[in-house]
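S.K.: Sequence:
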Amino acid sequence: MRPTISLFVRVGLLLAVVLATGSLVTCEIHSRASAATISPVLTYKYNTSRTGQNSNETILNTSNVNATQFGRRVSYPVDGQVYAEPLFMPGLTINGHTHNVVFVETEHDSVYAFDADQKSAIAPLWHKSFLINGAKTVSSSDVNCSDISPQYGITGTPVTDPASATLYVVAYTNENGTLIFRLHALNITTGQDKVTPVVITASVKGTGDGSVNGVITFNPVHQLQRGALLLLNGTIYISFGSHCDLFPFHSWMLAYNSSTLHHSATYNDSRNGSNSGIWEAGNGPATDTSGNIFLATGNGKFDLNSGGADAGDTMLKLSTTNGAITRAGYFTPFNQSCLNPKDFDLGSGGVMLLPNTNELVQAGKEGRIYVVNRTNMGKYTVDPNLQCGTSEENRTDIDNIVQELAPGTIGGMWSSPAYWNGPNGSYVYFSGSGDNTKAFKLTNGKLSTSPTSHTPETSGFPGANPVISSNGTTAGTGILWEVDSSKTLRAYNAANLATRLFSGSVPSYVKFSVPTVANGRVFVGTQGTLEIYGLLN
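Heads up: the sequence shown is residues 5 to 541, going by my numbering.
Since the hints were derived computationally from the structure, they do not count as laboratory data. Bear in mind that the values here come from a model prediction, so they are computed numbers and not experimental data. There could be a bad hint or two in this list.
[To be verified] The following label-pair restraints were derived from C-beta to C-beta distances:
| id | residue 1 | residue 2 | range |
| --- | --- | --- | --- |
| 1 | 150 | 341 | 27 to 33 Å |
| 2 | 386 | 293 | 31 to 37 Å |
| 3 | 428 | 203 | 24 to 30 Å |
| 4 | 136 | 404 | 38 to 44 Å |
| 5 | 180 | 387 | 50 to 56 Å |
| 6 | 264 | 207 | 26 to 32 Å |
| 7 | 479 | 511 | 47 to 53 Å |
| 8 | 386 | 140 | 32 to 38 Å |
| 9 | 180 | 389 | 52 to 58 Å |
| 10 | 266 | 136 | 19 to 25 Å |
| 11 | 380 | 264 | 43 to 49 Å |
Glycine residues also receive a C-beta, built at the ideal position from the N, C-alpha and C atoms.
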């Protein structure tokens with residue numbers, strides 16, 4: 005039987021195309037809540053530019069998000085920690101009834117579909133567990149790393165294809181002592197696998213750490229599927245970092261056909277070295293309308309400037325022409341040789357493509373903000389006077405890029421920026437560790453050199469991961485949302501972050517957590533629940 009998904013699937017092909025532009029898409033649906041235009045959330049931070057901007061939020065605004073009118077509506081229990089960002093699908097017909105649905109994944113290898121509009125917890129619309137035939141979750145002791153504890157299951161945010169009604173998700177399991185990553189393609193109305201899941205394997209030629217006879221083989225004991233999945237032109241792209249930087253590990257980008265799950269391409273940016281993981285605090289690789297992928301790597305060997313293949317602490321532009329993954333450009337900070345030994349990953353923060361420009365913006369553990377031209381990324385510039393630990397390392401006029409703001413402009417980034425096009429212009433928001441969340445105005449492709457506003461509160465490690473909701477550029481609708489280690493959900497006026505609109509406790513906090521805002525709801529994953537906030541009446 006073909007699943008029924010209202011008009012949502014009929015516009016799915018249009019949605020998949022528009023997603024790559026960086027604009028949140030909308031669809032006309034018929035749902036229990038209303039017949040209005042409701043925007044789905046199909047991928048990490050709303051779109052493949054990773055802007056964190058939902059500009060189609062018509063319900064929540066700066067007047068009704070307050071302690072009186074807004075709050076927790078329901079708490080759904082789940083069986084593990086929720087590291088993946090919740091995704092949202094309006095107007096799905098499941099078991100003969102139409103629902104606005106939120107999808108949640110856990111480190112206990114479960115996927116849940118919940119009704120987003122309930123005010124008391126009911127049974128999930130469906131629940132899929134990958135712990136079958138004796139499979140167990142991967143324990144922290146299995147990988148000798150407690151970055152996530154006590155278990156690893158589903159960590160990277162899945163991606164949804166509305167055209168085929170499919171949710172793509174990577175599960176991590178222990179099967180008779182063998183650790184396995186599998187890519188699944190789930191029917192979004194039933195939770196069942198649409199095709200046979202595929203075990204993730206890969207190898208490349210190389211002489212780097214852990215190589216055998218000139219070959220680097222993907223090792224699921226040392227790799228972590230941390231970044232959000234990317235769906236681009238019928239291909240699923242999956243990125244990998246490490247467990248606690250335990251050797252030997254490498255950075256991997258693997259491609260799979262979205263219909264058959266056939267492994268179609270492999271990229272490794274440390275094949276003759278080591279490390280350089282692609283993790284970006286859970287951010288997904290970004291992509292432009294030409295099919296280029298942009299991401300940042302962590303600590304590792306760097307030798308691209310001398311003709312090598314290793315790209316530690318580097319922003320990469322990867323071409324996907326003809327189904328291959330090849331390097332088409334890069335930027336590496338002039339002080340990479342200082343960043344690497346200090347564990348100051350560039351790639352701790354995610355890349356965001358700036359709308360209506362040919363630029364990207366990114367920041368890492370240094371708290372230095374980079375604005376980079378996506379066509380001419382700047383490559384690597386040698387500073388003959390560089391001495392690590394001196395003021396020379398703090399210079400902002402060495403790198404050949406559009407703009408660079410000094411180290412410490414923001415706290416170290418373990419998240420990705422957010423963007424808002426408001427009634428008074430465009431802004432970029434950063435929430436660094438131990439720092440206020442700060443807004444920088446974007447004018448003619450450059451950021452203001454100092455914040456235009458900041459939150460009254462600071463966030464402890466690892467900072468927060470902000471998103472913006474608004475009704476287009478309408479004044480009084482722009483809201484910045486974030487969750488931090490104080491176990492608090494906060495909302496601020498995006499036009500002036502000094503104005504806090506709401507502050508409410510959540511039961512627990514999960515590192516790098518991203519709240520999802522859609523159709524008047526705010527979804528927050530915790531260590532054992534999905535919290536749904538919204539207007540109380």
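S.K.: Evaluate each hint against the coordinates.
M.R.: Here is what the structure says about each hint:
In this structure, residue 150 and residue 341 meet the distance hint of 27 to 33 Å, their C-beta atoms being roughly 30 Å apart. A hinted range of 31 to 37 Å holds for the C-beta pair residue 386 and residue 293, which are about 34 Å apart. Distance hint check: the CB atoms of residue 428 and residue 203 are about 51 Å apart, inconsistent with the given range 24 to 30 Å. Between residue 136 and residue 404 the CB atoms are about 53 Å apart, so this pair departs from the stated range of 38 to 44 Å.
Taking 50 to 56 Å as the suggested C-beta distance range, the pair residue 180 and residue 387 conforms, at roughly 52 Å. About 20 Å separates the C-beta atoms of residue 264 and residue 207, a value inconsistent with the hinted range of 26 to 32 Å. For residue 479 paired with residue 511, a C-beta distance near 34 Å fails the hint of 47 to 53 Å. Under the hint 32 to 38 Å, the C-beta atoms of residue 386 and residue 140, about 50 Å apart, miss the expected range.
Look at residue 180 against residue 389: about 57 Å separates their beta carbons, and that is inside 52 to 58 Å. Distance hint for residue 266 and residue 136: a CB-CB separation of about 23 Å, consistent with the stated range 19 to 25 Å. Separation of residue 380 from residue 264 is about 37 Å and departs from the stated range, judged on CB atoms against 43 to 49 Å.
This entry does not satisfy hints 3, 4, 6, 7, 8 and 11, going by the numbered hints stated previously.
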